[in-house]
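Taking the hints into account, I'd like the entire structure generated from these sequences.
Number of protein chains: 2
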Amino acid sequence: MGKVTSKRSGVLELAVLGLLDGSPMHGYELRKRLSSVLGAFHAFSYGSLYPCLKELLGRGLIAEEEADPSPRARAGRRSRIVYRLTAEGKDRLHELLSEAGPTSWDDDGFGVHFAFFGQTRADVRLRILEGRRSRLEERMEAVRAAFARTRERVDSYTLELQRHGLESVEREVRWLNELIASERQRDTGAASQPRPDETDPGQRQSTYKA
Amino acid sequence: MGKVTSKRSGVLELAVLGLLDGSPMHGYELRKRLSSVLGAFHAFSYGSLYPCLKELLGRGLIAEEEADPSPRARAGRRSRIVYRLTAEGKDRLHELLSEAGPTSWDDDGFGVHFAFFGQTRADVRLRILEGRRSRLEERMEAVRAAFARTRERVDSYTLELQRHGLESVEREVRWLNELIASERQRDTGAASQPRPDETDPGQRQSTYKA
DNA sequence: GTTAGCATGTAAGGAGTTACATGATTTT
DNA sequence: AAAATCATGTAACTCCTTACATGCTAAC
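Respectively, the protein sequence lines represent chains W and S. Residues in the first sequence are numbered from 1 upward in steps of one, following the working numbering. Residues in the second sequence are numbered from 1 upward in steps of one, following the working numbering.
Derived by calculation from the structure, the hints in this document are not laboratory data. Some clues are possibly wrong.
It does not matter which identical chain is meant; a pair holds if it fits inside one copy or across any two.
In silico SDA-like cross-links for lysine to any residue, where the CA-CA straight-line distance does not exceed 25 Å [said to hold, decoys possible]:
hint	residue 1	residue 2
1	Lys32	Gly131
2	Lys54	Asp187
3	Lys32	Pro51
4	Lys32	Glu170
5	Lys32	Thr103
6	Lys90	Asp155
7	Lys54	Ser182
8	Lys32	Asp108
9	Lys32	Gln185
10	Lys54	Ser35
11	Lys32	Ala146
12	Lys32	Asp107
13	Lys54	Glu167
14	Lys54	Pro24
15	Lys54	Glu138
16	Lys32	Cys52
17	Lys90	Leu126
18	Lys32	Asp106
19	Lys90	Gly27
20	Lys32	Val173
21	Lys32	Trp105
22	Lys32	Ser156
23	Lys90	Pro51
24	Lys32	Glu138
25	Lys54	Arg133
26	Lys54	Ala148
27	Lys90	Tyr50
28	Lys54	Arg186
29	Lys32	Arg133
30	Lys90	Tyr46
Keep in mind that this is a model prediction, so the values were computed, not measured.
Quick look at the structure:
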């Protein structure tokens, strides 16, 4: 009945809402931020971004900005459409940030969720980090098993590829272990509050690697 | 006019042809090999594999095996369909293995191409490795640029994500550098043969990492 | 005043997943 | 003979990309 259109992925929706929560922006700028935040993980094209913005607008999660802070738009039409998050958009953002499902463990989803960890509850952060780790460990086990089964029969390039892949995943697991340890540390000390909702803007310098 | 159906991706096609060139296999087995060869890079589901096999069959690149080496199939119907590469399939495989285009530089494509480097000409190998490296270096530059622009304004989680992403890419570039150096080394010494087509099964132990 | 880059958008379609459906073979 | 796993297949659907189309704005 009320089905607006398609769902436009959870990942892009979260990324857009999260970025607009920081500050209002127009699409072009948004896309640059996406590329830099997701960086090595993923990049979106305009062909998915603009339709997504339209849909979010239709759902009332974002709205066009009225203001023209500097009088650049001469008359009538402005060429840049600046979007801001509505109250409903903020609600939806917090809803998405509370979800620690499988979509927050895969390659794309994890990157986006992690990027907004500053706005995410501590318990959800931990669940996502641990979920991601399990996911990677499963993958490693599968590869290692196949590795053992076929070791003799594959040429050295295939072997080298598997070795490098495995090493990359192992590296990410170690990274996650450090992050998880670091999360646990800050949890002890402050009793497990049901919903801390820490705004904590930039206090925490990286204890992880240094 | 002769358009059979859709293209079913170049990546899957190459992977299937390459694996079947090794030895005939049925779909289920093929999929396991795919997961292990591509490992950390990508995995395909049956929903894409079986349609692909059908299409390759229709194009005459693969064929169903006649043989039943062990009399396991009792009567009439066999439950496993074993595919083998046809002569046309071998041609197509060599054609795909000679291509060093953009598809061999992205995440999925590179993994598959690399897995079959043993069947790839030396000059093509080098072009692919160098193409992949440029691609990664472009990405790094973009991220670094954005990094410099927004450094102050982002919270520590976003920063940590960018740092980790950048480090992962840097690691792969170093890996590629070693591979490229190693390729260049074996090129000098043997004059540049037009088509060496070295079968070289497992001679070459990893000089890269040790 | 024209090239280059900013900015927005759309239509067509490619690529693969999920979920489902079904049967054969092996293990318990 | 029930349960697990092997094995094959399909339809609907999700999601994103490519290629195109258009106009504004700044620099040369």
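Here's how the hints hold up against the structure:
1. Lys32 with Gly131: between (29 Å within a copy, 24 Å between copies)
2. Lys54 with Asp187: Classified as neither; 40 Å inside a copy, 54 Å across copies.
3. Lys32 with Pro51: Cα proximity of Lys32 and Pro51: one copy only (16 Å, versus 37 Å across).
4. Lys32 with Glu170: Classified as between: cross-chain Cα gap 21 Å, same-chain 30 Å, threshold 25 Å.
5. Lys32 with Thr103: both (23 Å within a copy, 23 Å between copies)
6. Lys90 with Asp155: Between copies, since 19 Å is at most 25 Å while 53 Å is not.
7. Lys54 with Ser182: Close neither inside one copy (39 Å) nor across copies (51 Å); limit 25 Å.
8. Lys32 with Asp108: both (17 Å within a copy, 23 Å between copies)
9. Lys32 with Gln185: Neither way: Lys32 and Gln185 sit 34 Å apart in one copy and 40 Å across, limit 25 Å.
10. Lys54 with Ser35: Within. Shortest intra-copy distance 20 Å satisfies the 25 Å Cα cut-off; inter-copy 37 Å does not.
11. Lys32 with Ala146: Answer is between: at 8 Å across copies they meet the 25 Å cutoff, but 40 Å inside does not.
12. Lys32 with Asp107: both (19 Å within a copy, 21 Å between copies)
13. Lys54 with Glu167: neither (41 Å within a copy, 35 Å between copies)
14. Lys54 with Pro24: Within one copy, since 15 Å is at most 25 Å while 50 Å is not.
15. Lys54 with Glu138: neither (38 Å within a copy, 31 Å between copies)
16. Lys32 with Cys52: within (15 Å within a copy, 36 Å between copies)
17. Lys90 with Leu126: within (22 Å within a copy, 50 Å between copies)
18. Lys32 with Asp106: Intra 22 Å, inter 20 Å, cutoff 25 Å: intra and inter.
19. Lys90 with Gly27: Within one copy only: 19 Å inside a chain, 47 Å across chains, cut-off 25 Å.
20. Lys32 with Val173: between (28 Å within a copy, 23 Å between copies)
21. Lys32 with Trp105: both (24 Å within a copy, 22 Å between copies)
22. Lys32 with Ser156: between (40 Å within a copy, 19 Å between copies)
23. Lys90 with Pro51: within (20 Å within a copy, 43 Å between copies)
24. Lys32 with Glu138: Answer is between: at 15 Å across copies they meet the 25 Å cutoff, but 33 Å inside does not.
25. Lys54 with Arg133: neither (35 Å within a copy, 37 Å between copies)
26. Lys54 with Ala148: Neither. Shortest intra-copy (50 Å) and inter-copy (31 Å) distances fail the 25 Å Cα cut-off.
27. Lys90 with Tyr50: within (20 Å within a copy, 43 Å between copies)
28. Lys54 with Arg186: Result: close neither inside a copy nor across copies, 40 Å intra and 55 Å inter.
29. Lys32 with Arg133: between (29 Å within a copy, 22 Å between copies)
30. Lys90 with Tyr46: within (23 Å within a copy, 39 Å between copies)
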